[in-house]
Amino acid sequence: MPEAAAPGGPPGLVVLVEDDAAVRASIALLLQLHGYATAEYGSAEQFLAASPAPQRPACVLADIRLPGMSGIALQARMVRNRQAPPVLLMTAQGSERLARAALLQGAVDFLEKPIDETALLGAVAAGLRCDVERCARESARAAVAARIGTLTRHEALLFEHITDGRQTREIAEELGLAVEVLDQQRMRMMEKLQVERITDLFRLRFQLGEVLSDPTGPL
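Using our numbering, the first residue of the sequence shown is number 3, and each one after it goes up by one.
Please note: incorrect hints may appear among the correct ones.
Estimated spans, in silico, between C-beta atoms of each pair [what the hints assert, rightly or not]:
hint, residue 1, residue 2, range
1, E47, R205, 40 to 48 Å
2, L31, R205, 40 to 48 Å
3, L105, P69, 21 to 29 Å
4, I200, E175, 27 to 35 Å
5, L106, G70, 17 to 25 Å
6, E182, R149, 48 to 56 Å
7, L50, R102, 41 to 49 Å
FYI, nobody ran anything at the bench for these hints, they're computed from the structure.
Backbone N, C-alpha and C define an ideal beta-carbon position, used for all residues, glycine too.
Please work from the sequences and hints to get the whole structure.
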């Protein structure tokens with residue numbers, strides 16, 4: 003079983019984006035022999051247009067030099083999408099500058115052709131592990147967002163003020179409330195979020211990973 007495949011689950015999917023059909027077929031066959039599922043595209047545009055179903059875990063192995071959109075440009079686009087799988091880049095004309103740029107931009111690995119089998123399998127396993135970890139983080143973040151979504155706009159604003167590190171008296175003055183009333187509202191808000199300590203609120207804010215902006219919900 004491939005290293006990053008979940009027990010009893012589907013094999014890891016490797017999406018190949020390579021314009022050389024012979025190279026693409028060769029890499030796909032090698033990966034399939036090691037138990038991985040593969041999907042093949044001749045260009046970044048074909049891959050993006052196909053919008054393949056997000057079978058997980060998955061990673062994309064793309065050539066840097068492609069007709070149309072380059073592998074580097076594809077990677078930059080994928081990095082901006084929180085739901086996109088990790089990207090590995092490969093090239094027949096590698097350079098230290100290209101490798102550094104790819105890795106700094108978030109590529110899991112940078113492989114030079116002809117690709118060594120051991121290096122390829124190691125890079126793919128690393129890419130799939132990254133996707134498993136990313137999916138777990140996104141799942142946790144979605145769960146936190148769902149809990150915060152149960153708050154009223156006022157409660158969400160209170161949550162944001164508290165996790166910005168502001169003091170209770172300062173928040174109460176800004177909202178025009180007595181400290182005692184604010185404490186009661188904070189307790190109700192924490193009950194909704196199923197937490198008991200102020201430090202738990204900060205943990206939720208960290209997991210959410212973004213500042214709440216213009217929250218909506220019942221008044």
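Results for each hint:
Taking the beta carbon of each, E47 and R205 are about 42 Å apart, inside 40 to 48 Å as hinted. Distance hint for L31 and R205: a CB-CB separation of about 46 Å, consistent with the stated range 40 to 48 Å. At roughly 24 Å, the beta-carbon separation of L105 and P69 lies within the given 21 to 29 Å, and the hint holds. Between I200 and E175 the beta carbon distance is about 19 Å. The supplied range of 27 to 35 Å is therefore violated.
At roughly 23 Å, the beta carbons of L106 and G70 sit within the given window of 17 to 25 Å. E182 and R149 have their C-beta atoms about 26 Å apart, which leaves the hinted 48 to 56 Å range violated. The hinted range of 41 to 49 Å is not satisfied by L50 and R102, whose Cβ atoms lie roughly 26 Å apart.
The earlier numbered hints that this structure contradicts are 4, 6 and 7.
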